[in-house]
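Trainee: From first to last, the protein sequence lines are chains U and P.
Throughout the first sequence, residue numbering follows the UniProt record's numbering, covering 1 to 136 in sequence.
Throughout the second sequence, residue numbering follows the UniProt record's numbering, covering 1 to 771 in sequence.
A couple of the hints might just be wrong.
[Stated by the list, open to error] Per label pair, the in silico range of CB-to-CB distance:
id: 1; chain 1: P; residue 1: L606; chain 2: U; residue 2: A32; range: 49 to 57 angstroms
id: 2; chain 1: U; residue 1: K107; chain 2: P; residue 2: R614; range: 34 to 42 angstroms
id: 3; chain 1: U; residue 1: F68; chain 2: P; residue 2: D681; range: 34 to 42 angstroms
id: 4; chain 1: P; residue 1: Y753; chain 2: U; residue 2: P16; range: 21 to 29 angstroms
[As the list claims (entries may be wrong)] Stretch-level coverage of chain U by chain P, calculated; a stretch enters the list once three of its residues show a Cβ under 8 angstroms from a Cβ in chain P:
id: 5; segment: 7-20
id: 6; segment: 69-76
id: 7; segment: 86-96
[Said to hold, decoys possible] Cut-off 30 angstroms, straight-line C-alpha distance, at most; resulting in silico cross-link-like pairs (DSSO-like, lysine-lysine):
id: 8; chain 1: P; residue 1: K150; chain 2: P; residue 2: K22
id: 9; chain 1: P; residue 1: K54; chain 2: P; residue 2: K520
id: 10; chain 1: U; residue 1: K90; chain 2: P; residue 2: K54
id: 11; chain 1: P; residue 1: K520; chain 2: U; residue 2: K90
id: 12; chain 1: U; residue 1: K99; chain 2: P; residue 2: K488
id: 13; chain 1: P; residue 1: K101; chain 2: P; residue 2: K153
id: 14; chain 1: P; residue 1: K364; chain 2: P; residue 2: K54
id: 15; chain 1: P; residue 1: K520; chain 2: P; residue 2: K364
id: 16; chain 1: P; residue 1: K150; chain 2: P; residue 2: K488
id: 17; chain 1: P; residue 1: K101; chain 2: P; residue 2: K22
id: 18; chain 1: P; residue 1: K54; chain 2: P; residue 2: K101
id: 19; chain 1: U; residue 1: K107; chain 2: P; residue 2: K715
These are calculated hints, taken from the structure and not from any lab test.
Glycine residues also receive a C-beta, built at the ideal position from the N, C-alpha and C atoms.
Letter by letter, the chains look like this.
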Amino acid sequence: MKASYLLEIATRRLTPLLLLFSLWALLRGHNAPGGGFIGGLMAASAFGFYSISFGPTATRAYLRVDPFMLIGTGVATSLFSGLLAWFFGKPFLTGLWTKLDWAGGLKLGTPLLFDVGVYLTVIGVTVSLLLHLEED
Amino acid sequence: MSLPLLLLGGFVASALAPRLCKTLPRLGALLLAIWPLAFAAHLFRLAPDILAGKPFEHAIEWAPALGISLSFYVDELSLLFGLMVSLVGVVVMVYAASYLKGHAYLGRFYAMLLMFMTAMNAVVCSGNVISLFIAWELTGISSYLLIGFKHDKEVPRAAALQALLITTAGGLALLAGLVMVGSIAGTYELRELLANGDLIRNHDLYGWILVLILLGAFTKSAQFPFHFWLPRAMEAPTPISAYLHSATMVKLGVFLLARFYPMLAGTPEWTALLTFFGGVTMVMGALRSPFQDDLKAVLAYSTLSVLGMLTFLLGLGGKVALKAVVLVTIAHALYKAPLFLVAGTVDHATGTRSVRSLSGLRTKMPWTFATGLIAGLSMLGAPPLLGFVAKETLLDASLASAYPIPTTTAAAITGIGLMAAAWVAGIKPFLGEPSTAAQRAHGVSPGFWLGPLLLASLGLVFGLVTALVAPWTLGATAAIQGAPAAFKVALWHGFTPALATSGIVLALGTGLIALRDLLKDRLDRIEWRGLPRPSTLYQQGYEAMFVVARGLTDRTQSDSLRDNLSTILFAFLLLGGYTLYRLGGLPSPPTVELHWLEVGLGSILLAASFAAIRARSMLNAALMLGVVGFAMSAVFLVYGAVDLAITQIVVDTLTVLLFVLVVHKLPRFARLSTKKTMIRDAILASLAGIFMTFLVLKAHQVNVHEPISGFFAEKAVPEAFGRNIVNVILVDFRALDTLGEITVLMAGALGVYLLVRSGEAKAKPREVQGT
């Protein structure tokens, strides 16, 4: 089945933008609406549109890595961000923060890393679900 | 800090193993063996301090609110077991490089082995019973993978599952026991628990605690009546059997009993349970062992016997018995692992492990013969090997017990049986005229005999120079009993009653060796029927579980979505209604001033809902539900829940996407319900809706607990540096919940994958994937 040209062109232009937008939502999440879960769902719907326009095989190629790889990496990242606290003698999942003076006083912390893990997991789970349903 | 890091390194090595074995198929295994070697070296470095009576301790906080910490406590007992696990591990890893040369799953093998090894070391070094339990379960899971290593065959898979089910069922009992201990003593820290033994022993629940912990230890160490999983686990490749069933996995139960000795031992219940079940296992294993035909089965039953012996000795208690525990543990590791590896070499060279078809192998594999001979002699308790010292101490302990006649008889029978087993497994295959299998055998490379010979020779060296093992034995005995120990470890004790008994055992054992073949013929002709066997009971229980599960599923689960929804809504109405009644009945009518925006959104919601119900095509219904979703998110926006609104929008977009993907696979739209069922459903749905409205209104009027939202709002910025409270809760305050949720998501994705795959598998044969 061939999708419409309109859809194809729109998807081709919009997918990178949507992905960028999802990253923005992920990064601003700690202080403004957004976060890993919302960002992940946004990115997943971007891949969903791509899949409707170009089919599951093209989507897998566009994604480059297996969705399960994303899930595993995601859960491992979140777990790791929690384990990091142990190396500083703090209980599991304690948030650690550092202030980067060279970057204008930007504050970075393990909760962000944790959120990145959530982001990756949500993308992986949703995309694998979409693709499996489409390939079935 | 270096011990935890080393343990972490074990898991890292395990993760790297598959890749390493692929790039360096020859060298990879030897490189990976560096890990256990390094761990052993580290233990040796800690040893002087520990043997001087200063255990190594280190704690990392984990969940301080629950009293759970990742703490390490390495005393003489941990030292002994840790060294055994690591050094036998090195030998097994090097041996496996020859035994499994060119195997497609070599990397996977080492990954599992290293995971298991690390978990074992974590158990013996744990200083908190909860972290001990986690490592304990990890050994169960990794040994399940190891036993089922030949996963493409039905029998090993079943054997692995059986071992897993029995040991994890015991593990659950153990956890319950540990939690009880923890709540009584108010701590999970091992050192504090061991110091407060009287508190546990004098508690009303002591009996329950003892039984629960013993269930964990007995299942793991294959004590009667849970013994049957061990001989079946021989389905694993021989290096795995050598490792799991000589020095490590099955010794964990014994380790646990020794570990908790200061806390649990010394009561009549302890003595009765341990000596009875240990004694039965010991005698039964020793009597069955020499009459097996499979070399590995001979060794498996003799392992059962030794495990029973250790439990029995711990039950007897006292200085001499504990000394025997330590010596038997060391001697057993040093002879049983080589004997298993010898059996593996024989199997590899001749293609059979049948005692009947093996003889005269000494010319083809002289070094393997030497290994079998030394290890076999130690096992049959001949001087001057360490096995002799261990056996003497065992007899000493039985003679000194409160009931010397039954205990010494049991110990002597065990000695006789083990002698014959040692002969059958270690020496007999090499003597006599070469059999057909022996003539066809190929020679073996040094990789096959170097490690095992080294281990077996240690048994000889330690027997000759007992001064080498004496400090370790003293230390470990002191650690078990929780008080300093003083005794001598010597090959020659003078003319004692134990020596006389030993002489009788030697004479009778030699007789049994001479008569073994004749007796086996007789025994094989007897049909063992009518005896209730624990393995049959297990099988029946296993099948009954499926019958119950299927019956339960049939009764409660229906394929109809409407039936399931009705059940849920009905239960919701019933239970929720009861709660509402308990909280003082219907809510008082709210005073509201409706804004035009709320009225508008409400109308859209209602209209779209009705349109969805009345829709005459799937697509329309889905679109209308989409409208409901978007209107809901508008409601969230109006009330300022921006995060919720965004999530709702994205989820609705995805739902529509999903629907579009599957719509062409769905059957044509049809009305299947009759008028009557539709009315029934409508009533149920309306009731649920009305009730939900009441519930929301009531929730505003009742205050059961002080709301926690104030805490979050107050602490979000100063403690978590975030202004978005929803996100701060997700990634910081309640991060553990989120971690659990994404893990559930992962499991869900795997479930969908498997469902789709099983659908495909029915349609076309499934391709087998390599590592």
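Trainee: Name the hints, by number, that the structure is in violation of.
Mentor: 1, 2, 5, 9, 11, 12, 14, 16 and 18
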